[in-house]
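Participant: These are the residues of each chain, in order.
2 protein chains.
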Amino acid sequence: MSSIAPEAPLYIKVHTADNVAIIVNTGGLPEGTVFPCGLALTEHVPQGHKVALTDLPQGEAIIRYGEIIGYAVRPITQGSWIEESLVTLPTPPELEELPLATKVPAPLPPLAGCTFEGFRNADGSAGTKNLLGIITSVQCVTGVVNYAVNKIKTELLPKYPNVDDVVAVNHNYGCGVAINAPEAVVPIRTIRNLALHPNFGGQVMVVGLGCEKLLPEQVIPGQDKSSILVLQEQQGFSKMVDAILAMAEARLLQLNQRRRVTCPVSDLVIGLQCGGSDAFSGVTANPAVGYAADLLVRAGATVMFSEVTEVRDAIHLLTPRAVNEEVGRALLREMKYYDNYLALGQADRSANPAPGNKKGGLANVVEKALGSIAKSGSSAIDGVLSPGEKASQKGLIYAATPASDFICGTLQLASGIHLQVFTTGRGTPYGLAMAPVIKVATRNALAEQWPDIMDVNAGRIATGEATIEEVGWEIFRLLLEVASGRKQTWADHWGIHNDLCLFNPAPVT
Amino acid sequence: MSSIAPEAPLYIKVHTADNVAIIVNTGGLPEGTVFPCGLALTEHVPQGHKVALTDLPQGEAIIRYGEIIGYAVRPITQGSWIEESLVTLPTPPELEELPLATKVPAPLPPLAGCTFEGFRNADGSAGTKNLLGIITSVQCVTGVVNYAVNKIKTELLPKYPNVDDVVAVNHNYGCGVAINAPEAVVPIRTIRNLALHPNFGGQVMVVGLGCEKLLPEQVIPGQDKSSILVLQEQQGFSKMVDAILAMAEARLLQLNQRRRVTCPVSDLVIGLQCGGSDAFSGVTANPAVGYAADLLVRAGATVMFSEVTEVRDAIHLLTPRAVNEEVGRALLREMKYYDNYLALGQADRSANPAPGNKKGGLANVVEKALGSIAKSGSSAIDGVLSPGEKASQKGLIYAATPASDFICGTLQLASGIHLQVFTTGRGTPYGLAMAPVIKVATRNALAEQWPDIMDVNAGRIATGEATIEEVGWEIFRLLLEVASGRKQTWADHWGIHNDLCLFNPAPVT
Ligand SMILES: [Ca+2]
Ligand SMILES: [Ca+2]
Ligand SMILES: [Ca+2]
Ligand SMILES: [Ca+2]
Ligand SMILES: [Ca+2]
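Chains A and B, in that order, are what the protein sequence lines are. Residue numbers for the first sequence follow my numbering, beginning at 1 and rising by one. Residue numbers for the second sequence follow my numbering, beginning at 1001 and rising by one.
Keep in mind that the hints are not guaranteed to be accurate.
[To be verified] Computed, partial: chain B to chain A, Cβ under 10 Å:
#1 V1144
#2 Q1235
#3 V1241
#4 L1344
#5 N1352
#6 G1356
#7 S1404
#8 C1408
#9 G1425
#10 Y1430
#11 D1452
#12 W1494
#13 P1505
These are calculated hints, taken from the structure and not from any lab test. Heads up, the beta-carbon is just placed ideally off N, CA and C, and yes, glycines get one too.
Given these sequences and hints, build the entire structure.
Facilitator: This is how it looks when you write it as structure tokens:
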């Protein structure tokens, strides 16, 4: 039994209007458990799962976060387990009828004087890492590029100690794709914007094959052709590798000159994501991240939240927060886009959540969404990005992406994030090579089980050991330490980096 | 100037009915060149590009391979370059009206006594490599698995010298996907069949996360749960890595017992593919591969050709070769499936060919298809597989896949290929970790330029230095050497291996 797990039975009710609460105790609580308030469990309720706080007649609205997450399939008695099959899925908010910019939050008080140590780029942006990025225009070159990257890491990188790493921007695009299909714009702009990532310091190089559909010149439009290496112009494999190493070394020389300088927090672009969520996500880690998001917005940074399928069912809570009607309409545009995309594939939002989410106590996508949007904090939504677009403004931004951890990560990198804050309840070892990922556990048990993977434990909020504000500040401070290179995330410590994965809504050929 | 490039001007006319020919000479031929037949070029014609053998009035059918590849946009005079913009795209064959099994080729004479040295598996199949395969059920685990695989390669593999390599079957599926969408069946069966690959010797292991949508048990249905490792059940990162290494070592011990034994060629499953094609593909490498395919079919092997978008415009030449009407209808089913798939994404077959194909002289997908199907040789088409299905019969099979080199490769591996023969005109360093890839150059110039990448030079056919039959036999013999582990392909020599890439026609979420 863990030292920090509560001995006393404990539940969390999020909102005064809620008629359900979730069980905090690790392992759940047995039938007969009596809470200090007098509530008695009529059956075993697993950790993170919902207990009925009152008798609920059949058809009664089940309320969590002060919102309807579904309706009772049959009468549910007080103190019993509300298992997912007892909750019907409500219809999603009708997009046409939503209020836009009707409850715009007042600007939060500025948070002055916060800085981090970053790498200043020529274009005015700053980086949190000093990476040599090798972009590919087509998957065909991957085998050669990976061979060359290994050689660069062992033979060249030790000579350039100020360069943190070499990252091959591999992907499955570039050829064998419908490059003229309307949706091809998404993967193409994603690759382009990945090449512009601030952690690459403007020292791009692109390796192409020579006969692909996505031309290397299209990957870095307007750039010097001397940054492009075409394998079909080389005399065999060894010469290809030599050429990549020569081009890489010229850039390593430049990158090695870079030094960290003090930068305002307003230079930071931070991505927020959740993955492997559970019922605690929405009451511990996500609200704490939301608090940190507010701190970042107050300090002038850019903060983006994403994951359309986890926002769709809570969109009625977001459109009123849009800073103006135009931003509100942009939110609706992204929701409609994804509704259409899923319908084309004969799928719908019920494809989310995953089985692990359900095991973690999330009955359906509505409950998941209500918890997911807590990451966005409380400020006005200042802008909206379509998948893979690059951020060009400060404040809180909704960057529309699939919820898939690796696709969302790839798209947020394209949008320019310097660092991602990632909350997880079930647990994932997720990491990105291009930017640090701070992983926040929603439960004490996960933080204890994975001490060498999880960076922050927000589970202490559930047990009353810390407040949302305290963990929010902890995330904010850690984020500045990591952005400054003074602390390393666990994922970077081990080199746990997921492959990039493009969002390609267009056909392959 | 290369020693084996022809000095004399040379063109290739494939079929007696053709009114165009392609220029053989490296660098093309200048205006004023006069061929022995008296034809004079009215302008420079690049290598591999078409020259008009007669005057072609506007609207005249342009004929290559004895088939109409398009119509003249304007009058074209004898001796001039038929650049792609001068050729209109004909409408594709109407699927409903095609003759099925009307010209079934007679069985070819058996080729007895051909064997290779393979690894015999418990299920009766044989392998061409002895690999430890580590299957993943979800992309989330990739970072951990790659870390563990590096450790296995350096710390464990040297102790098991009979094991050729350790291969992580990484992919972008498993979560964040519409797992109940109708088309999800394609990626799921692909992953399942990859786990069954004969080169893994039946010693599968699956690493899963624990909350993904694609459960590890679904990846290896019916198998012992002791082959599954779930990261969420482990106590942190180091323990995860230890657990993967322990599971891997148990399998390395078993795999290390395997020895090559003499197997009939009928145990082989060979995949055929082309990528980076040019106008020579259809007259040198592909017909030579087609000859080798006939030899393999005669020896009782399974041979599969693929790439729907490159077959679609020549489907009228294939349906008559179907061994019976059922197989003919299955061919049509796969063409219709892809027509619909492309139409849903507002794309069509004109998305193929790639710019490099066009530079290589291929005016459109019709001309590309006529050259592409030459790989299938001359035998009856005995069966059809939908994308990712496992082959269970001998003979010539049409395994429907996208033309994308890495997707076709992944799907053919799922279908069980032991080895792929890959033809290329423009040149690609393509390779697969799970099975050897023999790369065949269509042009002398490519073979000379990439001597440490290309395994066979079929360009000698264009210059008259070798016949289709000779190169066909050369491919067949090399294939048996490589399958037996006596020779290594260049891709395996360098370790040039492309990432697997699933075909997922369903949405992500
Ligand atoms: Ca999420
Ligand atoms: Ca996610
Ligand atoms: Ca091809
Ligand atoms: Ca191909
Ligand atoms: Ca990879």
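Participant: Decide, hint by hint, whether the structure agrees.
Facilitator: Going through the hints against the structure:
1. Proximity of B/V1144 to chain A holds as hinted, the smallest CB-CB distance being about 5 Å (cut-off 10 Å).
2. Interface restraint check: B/Q1235 against chain A, minimum CB-CB distance 6 Å, threshold 10 Å, status holds.
3. Hint status for B/V1241: holds, given a least beta-carbon distance of 9 Å to chain A, under 10 Å.
4. The beta carbon of B/L1344 is positioned within 10 Å of a beta carbon in chain A (closest approach about 6 Å), and the interface hint is therefore held.
5. This hint holds: B/N1352 has a C-beta 5 Å from the nearest C-beta of chain A, less than the 10 Å allowed.
6. Residue-level restraint check for B/G1356 holds (minimum Cβ-Cβ distance to chain A is 2 Å; threshold 10 Å).
7. The interface hint given for B/S1404 is met, as the beta carbon of that residue sits about 2 Å from the closest beta carbon of chain A, less than 10 Å.
8. A least Cβ separation of about 8 Å between B/C1408 and chain A falls short of the 10 Å threshold, and the interface hint therefore holds.
9. For B/G1425, the shortest C-beta to C-beta distance to chain A is roughly 9 Å, which falls under 10 Å, so the interface hint holds.
10. A least Cβ separation of about 6 Å between B/Y1430 and chain A falls short of the 10 Å threshold, and the interface hint therefore holds.
11. Because the smallest distance between the Cβ of B/D1452 and any Cβ of chain A comes to about 5 Å, under 10 Å, the interface hint for this residue holds.
12. Annotation: interface hint on B/W1494 holds; nearest CB of chain A at approximately 6 Å, less than 10 Å.
13. Against a cut-off of 10 Å between C-beta atoms, the interface hint on B/P1505 holds, since the closest Cβ of chain A lies about 8 Å away.
In summary, the structure agrees with every hint in the numbered list given earlier.
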